[in-house]
Amino acid sequence: MMDLLAFIQSPIINLRSGRYIIELSAAQWGIFELNVKRLSTSTVHPSTSSMSYTINSSGKYVISIAPEMWKMIMSRDGFAGIHPVPHYKLESGRYIIELTAVQWGIFELNVKRLSTSTVHPSTSSMSYLKRLTTSTVHPSTSWIPVKRDVYYNANLEKNSLLIKTDSALGSGKALFVYFYDQNDIIGGIVIRFRNTLQYRLWACTTYYKVFPTTPPTTREKVWKITVDRTAGVRLIVHCNGEEVLNIPIDGKTCNWRNWKLWTRNIGKIKFRSWDNASDYYKLEHLPSKVTTERLCKFDGMYLSGYSSGVHNYSSLSQAETQCSTRNDCGGVTYEPYTGYYTLRRGTDLRKSPS
Numbered sequence: 011m012m013d014l015l016a017f018i019q020s021p022i023i024n025l026r027s028g029r030y031i032i033e034l035s036a037a038q039w040g041i042f043e044l045n046v047k048r049l050s051t052s053t054v055h056p057s058t059s060s061m062s063y064t065i066n067s068s069g070k071y072v073i074s075i076a077p078e079m080w081k082m083i084m085s086r087d088g089f090a091g092i093h094p095v096p097h098y099k100l101e102s103g104r105y106i107i108e109l110t111a112v113q114w115g116i117f118e119l120n121v122k123r124l125s126t127s128t129v130h131p132s133t134s135s136m137s138y139l140k141r142l143t144t145s146t147v148h149p150s151t152s153w154i155p156v157k158r159d160v161y162y163n164a165n166l167e168k169n170s171l172l173i174k175t176d177s178a179l180g181s182g183k184a185l186f187v188y189f190y191d192q193n194d195i196i197g198g199i200v201i202r203f204r205n206t207l208q209y210r211l212w213a214c215t216t217y218y219k220v221f222p223t224t225p226p227t228t229r230e231k232v233w234k235i236t237v238d239r240t241a242g243v244r245l246i247v248h249c250n251g252e253e254v255l256n257i258p259i260d261g262k263t264c265n266w267r268n269w270k271l272w273t274r275n276i277g278k279i280k281f282r283s284w285d286n287a288s289d290y291y292k293l294e295h296l297p298s299k300v301t302t303e304r305l306c307k308f309d310g311m312y313l314s315g316y317s318s319g320v321h322n323y324s325s326l327s328q329a330e331t332q333c334s335t336r337n338d339c340g341g342v343t344y345e346p347y348t349g350y351y352t353l354r355r356g357t358d359l360r361k362s363p364s
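The opening residue of the sequence shown carries number 11 in our numbering; numbering runs sequentially from there.
A couple of the hints might just be wrong.
Claimed, not checked - Pairs of lysine-lysine, DSS-like flavour, derived with a Cα cap of 25 Å: (1) K219 - K183; (2) K234 - K174; (3) K307 - K361; (4) K234 - K292; (5) K280 - K270; (6) K280 - K234.
Said to hold, decoys possible - Pair ranges (Cβ atoms, derived): (7) N193 - T227: 37 to 45 Å; (8) W153 - D194: 23 to 31 Å; (9) D194 - H295: 56 to 64 Å; (10) H295 - K219: 24 to 32 Å; (11) I116 - S35: 16 to 24 Å; (12) D338 - K262: 58 to 66 Å; (13) T273 - L359: 20 to 28 Å; (14) V320 - R29: 51 to 59 Å; (15) T110 - I154: 50 to 58 Å; (16) N322 - W153: 17 to 25 Å; (17) W153 - T227: 18 to 26 Å; (18) Y30 - G315: 24 to 32 Å; (19) D238 - G315: 44 to 52 Å.
Keep in mind that the hints were calculated from the coordinates and are not lab data. In this text, a Cβ means the ideal position worked out from N, Cα and C, and glycines have one as well.
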């Protein structure tokens, strides 16, 4: 009776004319229906089978598991959804664990999943060594409404300047931003929304020019302005992700004799009072490399020595997470004879005898 009502809290049971009457909600009925199906198809496992269980006086399921079955369970996350992973003891060569009724229900479903899966557990050691990987990131700030004739801190040595506009072509509006070191104007750019989009560079050109690559025609635009100092000084402008300008700032490009002001470090910006096109701005950090650790797999190899503290884990993801926090963890070795992923001190791969 109690197995039929497993996982159902406080059911209402009445006895009428020699029959039990139970009141269940729709959700409880779903659980009850599954219990009936489970019991109608279940069999008692004899002690010689791969797994058997009894229920002790406290209502816990005492499960006896054969070594080969234990290896499969441990290597394929048979305790998924059960936290913490239950402790075991060895009796007569079998693994003994205790589970609550709720844990048993989860475990039974896991075992059924494993028994119908075609993936076979590994029969040899495998190891996972820490390796450093590098990725490119572009962190940025949030959009900030533009205020005119206000100094903004903006390190354009490490950041690109992004400006959002919503002006129609031919409106006559203009984006106008100056670049400063700490006190002096050392550069700037003006973009005019005439019949064609035109630009002029402060302290470089004294006249307007049409962009060499026509910017996108959409009204809403995001301009990305980058000062590149990889080789000399270059100004690179993107519009809605497309590069529309990439020119050197030097004596050949500029007809302004003070063009060398651009060689100073840019630390501030200011949108001029006659800028009537810039709506928002933000800074985007120039592409940078971020180095992270990951584990690389090596079949048939093992690492020597256990890490200090708890070093046995039932899944690779648990072991990888723990290894990343240990100073004395060089990697992870899977042990086929215990089914555990183990944290190891060693970093030199050795050929496994198994």
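Hint check results:
Among the hinted pairs, K219 with K183 is consistent with the structure: their alpha-carbon atoms are about 16 Å apart, no more than 25 Å. Distance restraint check for K234 and K174: the Cα-Cα separation of roughly 9 Å lies within the 25 Å cut-off, and the hinted pair is therefore satisfied. About 14 Å separates the Cα atoms of K307 and K361, which keeps this hinted pair within 25 Å; it holds. Only pairs whose Cα atoms come within 25 Å are accepted, and K234 paired with K292 is accepted, the gap being roughly 10 Å.
Note on K280 and K270: the hinted pairing holds, with a Cα-Cα distance of about 20 Å set against a maximum of 25 Å. For a cut-off of 25 Å, the pair hint linking K280 to K234 stands: about 16 Å separates their Cα positions. For N193 paired with T227, a C-beta distance near 40 Å keeps the hint of 37 to 45 Å intact. A hinted range of 23 to 31 Å holds for the C-beta pair W153 and D194, which are about 28 Å apart.
Against the hinted window of 56 to 64 Å, the Cβ-Cβ separation of D194 and H295 comes to about 25 Å, which falls outside the hint. Separation of H295 from K219 is about 29 Å and conforms to the stated range, judged on CB atoms against 24 to 32 Å. With their beta carbons about 22 Å apart, I116 and S35 fall inside the hinted range of 16 to 24 Å. Range check, D338 to K262: Cβ separation about 59 Å, and the 58 to 66 Å hint holds.
Hint check: T273 to L359, Cβ distance near 51 Å, so the stated range 20 to 28 Å is violated. Against the hinted window of 51 to 59 Å, the Cβ-Cβ separation of V320 and R29 comes to about 52 Å, which satisfies the hint. Separation of T110 from I154 is about 54 Å and conforms to the stated range, judged on CB atoms against 50 to 58 Å. Evaluation of the 17 to 25 Å hint for N322 and W153 yields a failure: the beta carbon distance comes to about 49 Å.
Checked against the given bound of 18 to 26 Å, the beta carbons of W153 and T227, roughly 23 Å apart, stay inside it. For the hinted restraint 24 to 32 Å between Y30 and G315, the CB-CB distance of approximately 60 Å leaves it violated. Take D238 and G315: their Cβ atoms lie about 49 Å apart, and the range 44 to 52 Å holds.
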